[in-house]
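K.L.:
Okay, here's what each chain looks like letter by letter:
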Amino acid sequence: MLNFVEKLGAYVLYYVNEAGRMGIFLFFSLLNIIKPPYNKIASVLKQIYVIGSLSVFVIIFTGAFTGMVLGLQGYNTLTKFGAEGLLGSAVALSLIRELGPVLSALMVTGRAGSAICAEIGIMRISEQIDALECMAIDPYKFIMAPKFIAGIISMPLLTALFDVIGIFGGYAVGVGLLGGNAGAFFSSMQSDVEFIDVYMGFVKSVCFGLLIVWLCAAKGYYVHLERKGGFGAEGVSNVTTSAVVLTSVSILVMDYFITSMLI
Amino acid sequence: MKTDSEIIITLSDVWKSFGTQTVLKGINLSVIDGKTTIIVGPSGQGKSLILKHILGLIKPDRGQVLFEGKDINAIQKKELNEIRTKIGVLFQNAALFDSMTVFDNVALPLREKTVASESEVREVVDEKLSLMDLRGSNDKYPAQLSGGMKKRVGLARALVLNPRIVFFDEPTTGLDVALSNEIYRFFFKTQEKLKYTAVIVSHDVPKIFKLADYVALISDGVIQDCLSPEDFQMSSNPIIKNFVEATMGTIYSSEAMEV
Amino acid sequence: MKKITVETGVGIFILIGLLCLGYLSVKLGDVSLFGRKQYLVKARFANVSGLKEGAQVEIAGVIVGKVSKIDLDDYEAYVEMLIEPHVKIQEDAIASIRTQGIIGDKYVKIKPGGESEYVGAEEEIIETESTIELEELVTKYMFEKG
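Protein chains in written order, with the numbering used here: chain A, 76 to 338; chain B, 176 to 434; chain C, 424 to 569.
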């Protein structure tokens with residue numbers, strides 16, 4: 076019995092500590108974005124390339140097909156009520172408010188988040204992070220800050236791309252394939268989408284960008300402190316998996332709270 | 176025999192445990208300025224851990240680590256960073272940044288920690304790389320290098336700021352005899368040229384004794400003794416005696432008996 | 424060579440992203456980027472039930488602005504509208520609250536007048552008609568019949 080209590084205590088303590096580490100990690104990363112000396116543009120650009128540019132194709136594909144399926148489902152459902160004129164606003168609103176930010180964040184988590192986690196995890200286990208510290212180079216400044224800046228810049232742009240591609244995907248199916256009214260599609264969209272919708276999508280994407288880099292980088296950074304032994308290639312692979320799962324879940328949880336705050 | 180002015184690093188009563196396992200049980204060690212101190216001991220006894228304590232990467236549970244008389248865990252981060260610029264480290268697996276070329280790896284401390292212009296950086300890096308016989312590898316990535324070359328690049332990077340003290344974490348692990356001899360040659364060559372204090376963690380006994388001014392044996396979480404190589408081999412401490420016999424074989428120990 | 428690829432990639436990405444963001448906010452989100460200075464016109468209604476901020480303002484079915492503020496003032500509905508600068512409203516124009524379709528959104532319809540004087544910025548449209556409530560209409564009809 077005592078053993079059980081002891082184990083439970085250790086378990087709880089571990090997660091409390093992990094939450095604490097994560098918080099400290101976020102604090103120092105953000106601090107090092109605003110603290111001079113500022114990061115070199117080249118290192119930030121490189122991270123935008125890795126997180127943003129390389130995700131463009133994934134975003135275009137997922138965006139197009141998400142929009143297309145919305146067009147298909149929306150058209151068939153709205154026709155029942157004779158409201159196919161609202162297809163444009165239905166597609167645009169669901170993309171801009173929810174699907175765009177969430178789905179592109181999930182795609183970026185899978186593509187770039189896992190890469191960030193594995194990269195930093197390998198730097199940790201191969202002592203590269205220790206080496207940085209021994210050279211009196213702050214890893215937060217040198218590795219983390221450029222990634223955070225890149226995440227915060229890239230995510231809204233990717234989300235906007237996702238939205239626009241999705242809208243035209245919905246247009247292609249709803250109007251091009253199923254023969255809806257082109258004028259009604261765009262006019263309903265323009266009259267029903269408000270600034271608050273675009274703003275909400277933007278806020279979400281910025282928060283998700285931060286969240287992805289934060290959780291994935293912190294998981295990798297603390298790979299050596301993982302409960303289930305964070306050593307070697309297996310440690311990195313485990314921590315990458317758990318980082319992707321944790322980030323994806325957090326995105327959905329955070330999505331709910333941002334929506335409830337802004338709506 | 177060891178006066179305070181000559182001591183650059185002191186560990187006094189350093190304790191460290193992980194979970195329920197206590198690894199360091201009161202380490203006392205002094206590193207003498209300008210000399211080469213070697214820490215030997217069976218693996219898993221926390222040799223590398225001592226280095227990490229000296230570098231301030233790990234905080235001890237108890238005890239102090241003094242660098243030039245200052246407790247490195249009690250000073251400001253800024254001051255610690257100042258100390259760290261006087262330190263060079265060659266890590267076990269060289270710890271090169273694998274997304275950077277050899278040149279950028281060696282240039283990193285200069286670019287980040289000095290105001291040197293790009294042409295000055297180039298000059299210093301080229302000088303250090305040629306000292307290590309690494310000319311022509313500037314644009315290669317660490318993954319394209321052999322183990323011995325990686326270590327040499329790591330050493331070049333450790334020396335690029337002309338440190339006062341250089342730490343070597345198992346400098347010859349994973350290298351064959353020829354390559355480890357090569358690393359030792361580079362060590363001699365650079366120490367003669369740059370006159371740094373060296374602390375080497377190794378289990379390459381007895382070869383490593385040729386480099387040493389002092390040898391310290393860690394066993395059971397404490398430093399058994401810190402002696403000159405000659406005294407070390409003839410020590411009457413039973414643990415040291417055992418270690419010497421186990422690692423050097425009968426020839427060495429019988430020689431020791433005869434003397 | 425490698426450096427050029429990174430920079431070009433980032434450049435293209437940021438350009439595409441900004442274009443999409445611009446499209447979303449300017450075209451759909453009604454953000455006026457180029458400082459088209461709309462002017463403010465006020466009106467008082469007895470009842471604006473169902474009218475929301477951001478609702479359209481139409482003249483002859485053409486959207487000329489939107490409702491920017493709805494407030495209660497002396498037991499009357501006080502409505503502020505932002506009107507496109509090139510649209511002039513005569514002083515005797517009539518503002519009324521109408522519905523798009525039977526259950527559609529409420530909007531403000533402005534019926535042009537005949538005077539040569541125009542309503543300036545921050546001025547008021549005097550003549551207004553309130554929301555026509557279906558409920559009231561039905562009640563009235565029944566009472567008159569009875």
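In case anyone wonders, no lab produced these hints; they're calculated from the structure.
Some hints here could point you the wrong way.
[Claimed, not checked] Interface residues of chain A toward chain C, partial, derived using beta-carbon atoms under 7 Å:
#, residue
1, Val131
2, Ala235
3, Leu236
We put the CB at the ideal spot given by N, CA and C, even for glycine.
K.L.:
Of the hints stated earlier, which fail here?
P.N.:
none
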